[in-house]
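Protein sequences appear in the order of chains R and B.
Quick note on numbering: the first sequence equals residues 25 to 135 in the working numbering.
Quick note on numbering: the second sequence equals residues 23 to 136 in the working numbering.
There could be a bad hint or two in this list.
[Claimed, not checked] Below 27 Å or equal to it, Euclidean Cα-Cα: the simulated DSSO-like pairs (lysine-lysine) are:
1. Lys92(B) x Lys60(B)
2. Lys25(B) x Lys81(R)
3. Lys81(R) x Lys60(B)
4. Lys37(R) x Lys81(R)
5. Lys81(R) x Lys124(R)
6. Lys25(B) x Lys124(R)
7. Lys92(B) x Lys124(R)
8. Lys25(B) x Lys60(B)
9. Lys60(B) x Lys38(B)
10. Lys38(B) x Lys81(R)
[What the hints assert, rightly or not] Ranges of calculated distance between the beta carbons of each label pair, as one might list FRET restraints:
11. Phe120(R) x Glu81(B): 17 to 23 Å
12. Val35(B) x Asn95(R): 42 to 48 Å
13. Glu76(R) x Pro136(B): 46 to 52 Å
14. Gly52(R) x Arg72(B): 15 to 21 Å
Keep in mind the hints are simulated off the structure, nothing from the lab.
The beta-carbon is built from N, C-alpha and C at its ideal position, and this holds for glycine as well.
Each chain, written out:
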Amino acid sequence: KAGVTQTPRYLIKTRGQQVTLSCSPISGHRSVSWYQQTPGQGLQFLFEYFSETQRNKGNFPGRFSGRQFSNSRSEMNVSTLELGDSALYLCASSLFVFPKFFGPGTRLTVL
Amino acid sequence: AQKVTQAQTEISVVEKEDVTLDCVYETRDTTYYLFWYKQPPSGELVFLIRRNSFDEQNEISGRYSWNFQKSTSSFNFTITASQVVDSAVYFCAHEETSGSRLTFGEGTQLTVNP
Chain R
25 KAGVTQTPRY LIKTRGQQVT LSCSPISGHR SVSWYQQTPG QGLQFLFEYF SETQRNKGNF
85 PGRFSGRQFS NSRSEMNVST LELGDSALYL CASSLFVFPK FFGPGTRLTV L
Chain B
23 AQKVTQAQTE ISVVEKEDVT LDCVYETRDT TYYLFWYKQP PSGELVFLIR RNSFDEQNEI
83 SGRYSWNFQK STSSFNFTIT ASQVVDSAVY FCAHEETSGS RLTFGEGTQL TVNP
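Please construct the entire structure, taking both the sequences and the accompanying hints into account.
Spelled out as structure tokens, the structure:
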């Protein structure tokens with residue numbers, strides 16, 4: 025059974041640009057959640073989707089958005105990138121409410 | 023607001039030693055869940071355990087055991103007879119039952135030396 029896949033694995037952008045990250049959950053999982061991990065702030069919840077609906081949202085500015093498609097794949101978008109957005113972005117999928125299976129993450133570097 | 027504190031930033035042990043990772047949480051919820059995850063160098067978080075706040079029984083899974091004490095708001099994790107492969111960052115987390123968001127602690131870097 026394939027695990028959670030995230031693409032791309034690494035990304036380098038410059039300030040002001042926008043970026044889209046993709047997450048494919050485990051087959052059959054309808055819940056996808058996103059977390060940002062930085063050395064300074066640690067792991068922080070971004071948002072969670074279930075059957076294409078955002079069920080919960082963390083305390084991030086509106087530059088951070090996401091969506092989920094009918095096949096449960098999810099994307100998150102960050103517009104007008106700032107240096108502080110450099111982070112490891114982790115996606116998790118689950119049959120349940122809590123994030124059980126995480127992907128390897130996308131390492132975003134903003135220059 | 024929920025808060026999870028892992029006071030031990032780094033722990034270094036020699037293989038076969040037992041090691042306990044501490045986790046203290048703050049919450050106003052009467053019902054909640056507590057978690058432990060492992061993050062090896064590869065980066066992905068590996069789920070270890072989820073515990074309901076009503077269930078204070080200790081749990082053992084192989085070399086891993088967890089001690090949940092509601093009276094002291096602690097959910098500690100012990101690895102018995104540690105191995106080099108246990109080297110990783112370990113995170114404790116809290117989830118309110120009304121939602122799906124986890125609040126993570128700062129993590130404890132465990133290094134097991136041969």
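- request: Identify every previously stated hint that the structure contradicts and give their numbers, smallest first.
  value: The structure breaks only hint 10.
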